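Produce the complete structure using the sequences and hints provided.
If you read the protein sequences in the order shown, they are chains X and P.
All letters in the first sequence, in the order written, are residues 35 to 262 by the numbering used here.
All letters in the second sequence, in the order written, are residues 35 to 262 by the numbering used here.
Treat the hints loosely; a few may be bogus.
Stated by the list, open to error - Facing chain X, from chain P, some residues (calculated, C-beta under 8 angstroms): (1) 177; (2) 181; (3) 193.
I should point out that these hints are in silico values taken from the structure, not numbers from a laboratory.
Just so you know, these numbers come straight off a predicted model, no measurement behind them.
All C-beta atoms in this analysis are idealised placements derived from N, C-alpha and C, irrespective of residue type, glycine included.
There are 2 protein chains.
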Amino acid sequence: MTEQNMRGTVVLLSGGMDSCVLLAKTVNECDADNVVALSVDYGQRHWVELEAARAIALHYEVEHIVVPLGALVTGVFTGNQSSQLNPSVEVPHGHYADDTMRATVVPNRNMILLSLATAAAVSRRYAAVAYAAHAGDHAVYPDCRRVFADSMADAMQLCDYDAIQLRRPFIGMSKAEVCRLGADLAAPLGLSYSCYEGGPQHCGKCGTCVERKEAFADAGVDDPTDYA
Amino acid sequence: MTEQNMRGTVVLLSGGMDSCVLLAKTVNECDADNVVALSVDYGQRHWVELEAARAIALHYEVEHIVVPLGALVTGVFTGNQSSQLNPSVEVPHGHYADDTMRATVVPNRNMILLSLATAAAVSRRYAAVAYAAHAGDHAVYPDCRRVFADSMADAMQLCDYDAIQLRRPFIGMSKAEVCRLGADLAAPLGLSYSCYEGGPQHCGKCGTCVERKEAFADAGVDDPTDYA
Numbered sequence: 035m036t037e038q039n040m041r042g043t044v045v046l047l048s049g050g051m052d053s054c055v056l057l058a059k060t061v062n063e064c065d066a067d068n069v070v071a072l073s074v075d076y077g078q079r080h081w082v083e084l085e086a087a088r089a090i091a092l093h094y095e096v097e098h099i100v101v102p103l104g105a106l107v108t109g110v111f112t113g114n115q116s117s118q119l120n121p122s123v124e125v126p127h128g129h130y131a132d133d134t135m136r137a138t139v140v141p142n143r144n145m146i147l148l149s150l151a152t153a154a155a156v157s158r159r160y161a162a163v164a165y166a167a168h169a170g171d172h173a174v175y176p177d178c179r180r181v182f183a184d185s186m187a188d189a190m191q192l193c194d195y196d197a198i199q200l201r202r203p204f205i206g207m208s209k210a211e212v213c214r215l216g217a218d219l220a221a222p223l224g225l226s227y228s229c230y231e232g233g234p235q236h237c238g239k240c241g242t243c244v245e246r247k248e249a250f251a252d253a254g255v256d257d258p259t260d261y262a
Numbered sequence: 035m036t037e038q039n040m041r042g043t044v045v046l047l048s049g050g051m052d053s054c055v056l057l058a059k060t061v062n063e064c065d066a067d068n069v070v071a072l073s074v075d076y077g078q079r080h081w082v083e084l085e086a087a088r089a090i091a092l093h094y095e096v097e098h099i100v101v102p103l104g105a106l107v108t109g110v111f112t113g114n115q116s117s118q119l120n121p122s123v124e125v126p127h128g129h130y131a132d133d134t135m136r137a138t139v140v141p142n143r144n145m146i147l148l149s150l151a152t153a154a155a156v157s158r159r160y161a162a163v164a165y166a167a168h169a170g171d172h173a174v175y176p177d178c179r180r181v182f183a184d185s186m187a188d189a190m191q192l193c194d195y196d197a198i199q200l201r202r203p204f205i206g207m208s209k210a211e212v213c214r215l216g217a218d219l220a221a222p223l224g225l226s227y228s229c230y231e232g233g234p235q236h237c238g239k240c241g242t243c244v245e246r247k248e249a250f251a252d253a254g255v256d257d258p259t260d261y262a
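Spelled out as structure tokens, the structure:
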């Protein structure tokens with residue numbers, strides 16, 4: 035184990051497939067005692083994913099912090115028309131890369147998540163923060179692009195006396211490749227949750243459900259998901 | 035007024051002298067209707083400054099968002115030894131630039147504040163976020179350095195479909211120069227609050243009180259503060 039890994043990593047864990055695999059990979063490299071998983075309750079429609087995050091963290095026996103940011107919805111996010119924050123906006127169906135998926139963007143989500151994870155890393159004197167943005171996200175979400183991640187990595191190097199490293203091991207990978215890696219690492223993919231509708235079952239029709247199905251199929255991995 | 039200013043600015047308002055002057059400057063340039071002030075309750079010891087922020091926002095009749103992040107203290111900031119978060123750690127007295135002032139650092143504070151302000155700007159389709167870091171802060175606070183602000187500015191350009199501009203007009207100014215500008219703009223400096231102790235009166239002995247006194251003296255501006 036490298037000295038960096040021994041100093042610990044904060045993993046952003048949404049409860050989706052990508053962050054589930056990221057936690058599997060990080061625990062594999064760093065040991066569960068040196069890993070903290072961080073999730074944010076920002077008032078998202080699909081809060082079921084927070085339950086999934088809890089189950090995945092429990093599976094790996096890592097500490098799990100859930101940051102309650104629900105109050106942002108009535109102040110910070112005022113005026114926003116994201117389907118994931120505003121119950122009166124319908125969740126778009128179709129392909130993840132479609133323009134309609136713009137409706138699912140939570141404003142500046144990744145910068146908020148990374149800033150909190152970095153604060154947790156600084157507080158614990160950890161060396162790194164990991165997040166699961168992958169190549170397939172880029173078409174729709176500006177804050178999943180490599181250039182965005184690069185600027186945040188610069189800021190995280192400078193925000194404290196000790197630099198915090200931003201790890202983004204999936205930034206050049208497709209979701210199918212992430213899925214394949216998850217299977218290889220025996221990650222509990224069946225515990226992960228992706229659906230934007232937020233129902234007890236995956237709807238199978240929203241952008242993330244469609245993307246999830248495709249990833250399993252393209253990776254040649256058995257899909258454990260129970261779609262409606 | 036430029037088109038950018040007409041599209042609106044979110045001002046980070048701690049309630050201290052610097053952000054008070056920043057709000058004065060921004061309202062002067064953008065008109066109060068195009069300005070939102072944002073403060074964060076992150077469980078800081080000196081919550082009196084939030085009352086000061088409210089009074090300053092009211093003075094300028096701008097919308098004021100207070101983001102309740104007190105819950106961070108028991109999760110995200112676990113293990114942190116900042117005197118501003120942990121009541122068992124004593125507030126250091128002496129000069130603001132002393133090494134002892136490291137005890138007052140809130141981990142990754144400015145990245146968190148900027149990420150929330152940026153989310154508010156994106157939600158409202160505003161053009162800019164302004165924060166009041168000045169040259170005198172740099173000695174102690176890594177996240178007040180120009181290089182840190184530059185990386186955050188890059189990330190804010192990339193975090194959404196429309197770029198958000200980071201304004202940091204005081205980054206090359208001393209606190210005395212900021213104070214002088216405040217007096218020129220008739221900013222309500224007497225409403226601002228700086229003391230790290232968080233008492234009803236400024237203690238006059240902690241790092242920020244010492245710095246505040248010096249700034250008024252160096253700027254040749256009458257100090258309206260009632261020190262204990």
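Results for each hint:
This hint holds: residue 177 of chain P has a C-beta 5 angstroms from the nearest C-beta of chain X, less than the 8 angstroms allowed. For residue 181 of chain P, the interface hint holds, since its Cβ comes within 8 angstroms of a Cβ in chain X; the closest pair sits about 5 angstroms apart. Because the closest C-beta pair between residue 193 of chain P and chain X is about 5 angstroms apart, less than 8 angstroms, the hint holds.
Every hint from the earlier list agrees with this structure, and none is contradicted.
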